[in-house]
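Participant: These protein sequence lines are chains F and Y, in that order. The first sequence runs 0 to 700 under numbering that gives the first Met the number 0. The second sequence runs 0 to 72 under numbering that gives the first Met the number 0.
No lab work stands behind these hints: they were computed from the structure. C-beta: ideal position from N, C-alpha, C; glycine also. You may find that some hints are simply not true.
Stated by the list, open to error - Derived DSS-like pairs (lysine-lysine); straight-line CA-CA distance at most 25 angstroms:
no., chain 1, residue 1, chain 2, residue 2
1, Y, Lys-46, F, Lys-279
2, F, Lys-259, Y, Lys-47
3, F, Lys-77, F, Lys-108
4, Y, Lys-55, F, Lys-236
5, F, Lys-416, Y, Lys-7
6, Y, Lys-20, F, Lys-244
7, F, Lys-77, Y, Lys-20
8, Y, Lys-47, F, Lys-205
9, F, Lys-387, Y, Lys-46
10, F, Lys-244, Y, Lys-33
11, F, Lys-211, Y, Lys-20
12, Y, Lys-55, F, Lys-122
13, F, Lys-148, Y, Lys-55
14, F, Lys-189, F, Lys-236
15, F, Lys-263, F, Lys-122
16, Y, Lys-47, F, Lys-387
17, F, Lys-416, Y, Lys-20
18, F, Lys-109, F, Lys-134
19, F, Lys-287, Y, Lys-47
20, F, Lys-263, Y, Lys-20
21, F, Lys-236, Y, Lys-20
22, F, Lys-287, Y, Lys-33
23, Y, Lys-46, F, Lys-476
24, F, Lys-473, Y, Lys-33
25, Y, Lys-20, F, Lys-73
26, F, Lys-263, Y, Lys-55
27, F, Lys-205, F, Lys-232
28, F, Lys-473, Y, Lys-46
29, Y, Lys-33, F, Lys-279
30, Y, Lys-55, F, Lys-259
Unchecked claim - Pair by pair, the computed Cβ-Cβ distance ranges are:
no., chain 1, residue 1, chain 2, residue 2, range
31, Y, His-38, F, Ser-507, 34 to 44 angstroms
32, Y, His-38, F, Glu-264, 20 to 30 angstroms
33, Y, Thr-72, F, Tyr-49, 47 to 57 angstroms
34, F, Lys-696, Y, Leu-4, 54 to 64 angstroms
Stated by the list, open to error - Now the stretches of chain Y that chain F is said to cover, found in silico as 3 or more residues with beta-carbon under 8 angstroms:
no., region
35, 23–31
36, 39–49
37, 58–65
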Amino acid sequence: MKNIKIALVGQPNVGKSFLINAVGETKLRVGNFSGVTVDKKTIYFTRDGYNFEVTDLPGSYSITDYTIEERVTKNFLKDGNYDLIINVVDSTNIERNLYLTMELLSLNKKIVIALNMQDEAVKEGVKIDANLLSKILGVRCVATSALEKTGIQALINEIIETYNQPTQDFHLQFSDIYEEQISNILVFLKEKNYQNNGGLEAVAIKLLREDKEIYRQFRDEPIWTELQPLLNKSYQKLYTHYDTKDLDAIFHDEKNALAKGAVKESVTFDTAKEKQLTDKIDSILTNKFVGLPIFLFLIWGLFQLTFTWGSIPMDWIDAFFGLLIDETKSILGDTQLASVIADGAIAGVGAVVLFLPNIIILFTGIALLEATGYMARAAFLLDGFFHKFGLHGKSFVPLVSGFGCSVPAYMSARTLKNDRDRLLTLYIIGFMSCGAKLPIYVLIIGAFVPEQYAGNVLFGIYILGALLGMIAAKLLKLTVFKGEDEPFVMEMPKYRLPTIRLLFQAVSGKAISYLKKAGTYILAASILIWFASNYPKYPEIEDQYANKIEQTHGNEEQIASLENELVLYNLENSYLGKIGHASEPLFRPLGFDWRMAVALETGLAAKEIVVATMGILYGLGDQQDESSEGLVDKIKSNIELPSAISFIIFVMVYFPCLAASMVFRREAGSWKHWGYLFIFTTGSAWMLSFISFNIAKAIFT
Amino acid sequence: MTLDLLKKGNSATIIAITAEKELRNRFNSFGVVKGATVHSEQHTMAKKTMEIRINKTRIALRLSEAQRVEIST
Chain F
0 MKNIKIALVG
10 QPNVGKSFLI
20 NAVGETKLRV
30 GNFSGVTVDK
40 KTIYFTRDGY
50 NFEVTDLPGS
60 YSITDYTIEE
70 RVTKNFLKDG
80 NYDLIINVVD
90 STNIERNLYL
100 TMELLSLNKK
110 IVIALNMQDE
120 AVKEGVKIDA
130 NLLSKILGVR
140 CVATSALEKT
150 GIQALINEII
160 ETYNQPTQDF
170 HLQFSDIYEE
180 QISNILVFLK
190 EKNYQNNGGL
200 EAVAIKLLRE
210 DKEIYRQFRD
220 EPIWTELQPL
230 LNKSYQKLYT
240 HYDTKDLDAI
250 FHDEKNALAK
260 GAVKESVTFD
270 TAKEKQLTDK
280 IDSILTNKFV
290 GLPIFLFLIW
300 GLFQLTFTWG
310 SIPMDWIDAF
320 FGLLIDETKS
330 ILGDTQLASV
340 IADGAIAGVG
350 AVVLFLPNII
360 ILFTGIALLE
370 ATGYMARAAF
380 LLDGFFHKFG
390 LHGKSFVPLV
400 SGFGCSVPAY
410 MSARTLKNDR
420 DRLLTLYIIG
430 FMSCGAKLPI
440 YVLIIGAFVP
450 EQYAGNVLFG
460 IYILGALLGM
470 IAAKLLKLTV
480 FKGEDEPFVM
490 EMPKYRLPTI
500 RLLFQAVSGK
510 AISYLKKAGT
520 YILAASILIW
530 FASNYPKYPE
540 IEDQYANKIE
550 QTHGNEEQIA
560 SLENELVLYN
570 LENSYLGKIG
580 HASEPLFRPL
590 GFDWRMAVAL
600 ETGLAAKEIV
610 VATMGILYGL
620 GDQQDESSEG
630 LVDKIKSNIE
640 LPSAISFIIF
650 VMVYFPCLAA
660 SMVFRREAGS
670 WKHWGYLFIF
680 TTGSAWMLSF
690 ISFNIAKAIF
700 T
Chain Y
0 MTLDLLKKGN
10 SATIIAITAE
20 KELRNRFNSF
30 GVVKGATVHS
40 EQHTMAKKTM
50 EIRINKTRIA
60 LRLSEAQRVE
70 IST
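Can you make the complete structure from the sequences, with help from the hints?
Facilitator: Set out below in structure tokens:
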């Protein structure tokens, strides 16, 4: 059986992956917004007696080095191993899509064009004469609709036919002056018997564009000395004719004119249908006055749902893991093995899984906002505000996700093209208090704030964190990430209703990677913390207490208090306790005792552990959560208000959990940044806590 | 005049792009090219960003970037 290797190329958001799923009946993940796929993916399938190997390249507006996606595409087209190109085109936006097509055609490869999104084109009154366009472009054009699965068989037929034919002759007809230069070079190259497997026209165009690659090839050949003066003459002619010395701009002008011409001849627009739905929606959603309030309302609503709906399955998950821990202990008995599995592994992993409902709700909301095309509008509305703080309008997607969990937030920062902008965003995501910090806030607020104000204080903490993040961004921008801003220029995609399947794929992918990544790190960290808080053992002390307990003759109150004493002794002398005491001097200026210090340190593994650690350390055993009356009272009697305020500030700002910081390292690209983030967050947390502790002390004492 | 001054609801023709290479490439990708007809759709309240339309493509850009596009009405 023959193999056909295909490069799938097209502008962002034209339905490339969607189309290939329809062709190969494969299940490639489809994103309905640009910037999520940053790397190429290859899929294999068999159809009509051929083996297909399709490389799905990330969407590119043109073949340049501007974005990561475009670089991937350019390199693959240059060096990749493929037999033909499928160029997927959005029929409703044909002219701009043909700009890319013209660039592809000038490469002189076998190409089939899929005029995709026929269904929408029909609705909008765009009619393309595919046969005429095929004649104009010199390659086969097929009308398709990935959504309605039309034109798929025709596309496959054309692919097979094109594959079995020799590469078509070069067919682009540029303006007279440009053609003249091309033919001058061609005549010379032919005279010299110059051989090149890419076709001489493609070589001539590259020379006229001052393509670095082709220059490098020619420089080593004797032919170069004669070619150079010829080129210079051609350049001079183009310069005078176009009144610019930018050869790349000249080529783009030529290419755009070709696209325009092709559209004029082969496409008709029914202007009556032109008023799109998008226009109507946009006149409200991006309106100068109501646009921002609507945006704020949507985000507020999303948070409400995340917390209210999320709490229902959270209770079930909590109960499930509680049961699992009890069952494990009753099966394995009162052994160290039972403890490490139940109190270490299951409790730790359970604490992370607990937040899965929040993650799913938040990401369904975000996927909806992205897939419908609303995110681009939000970025448009917010860019002015964000820009003041040195951030890009697009930064707000990762920042908003940061309120749920930093792990996916770091990942979604990939939508930013410019490395500097992306790093800046990565650095301040931690300021958006994640869901796992919520129990800590609830615990402290519960201890010090009257119930009727608790909600507002909680909201205030989140807002304060975000504001601190903005200020931090400004400072970083002024010091570390100096330099030119990335251009904002951004396409606002058409509004589309995403299919359920598409939403499901986007959300389940995020959920699985949350479980997998966070789960593995948390598992390791949980076992470590369990070990550090249970060892070393002090058998003599335990014997002493066992004796004392025996002497109480079954007085339950006394037994409980003795057991608590023992737990406290073991804890204070465990590795964790020793670390706490050792690091206490560092935290004393902030008003923290050794127990708060340890809680913060265990919080480096996961913020969920902070509350559990405090529960253990304040002498109540380890089955505490934020709603426990006893813990709240203990906190109140053990911690002064200024220390509590300082503690909240520290939690708000300091280093993210292990799982998140690992993802940060991966996204930022080096351990160096991981180190910087540690210094930056811990440093600012320390200073801000120090300031707030001293101010609070001055006010309240 | 430059594109940033084009009032909401009005159209104009692009006569020149004065941006450097990176921004010009970006413009090129979206069809912000010499000879194209551009419609002004919306300005944000802060007067920092605007939305334009060329054919069927809607584009958001900063006013500072729009200043690099020469138009004639």
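Participant: Failing hints, ascending?
Facilitator: 2, 4, 5, 8, 20, 22, 24 and 29
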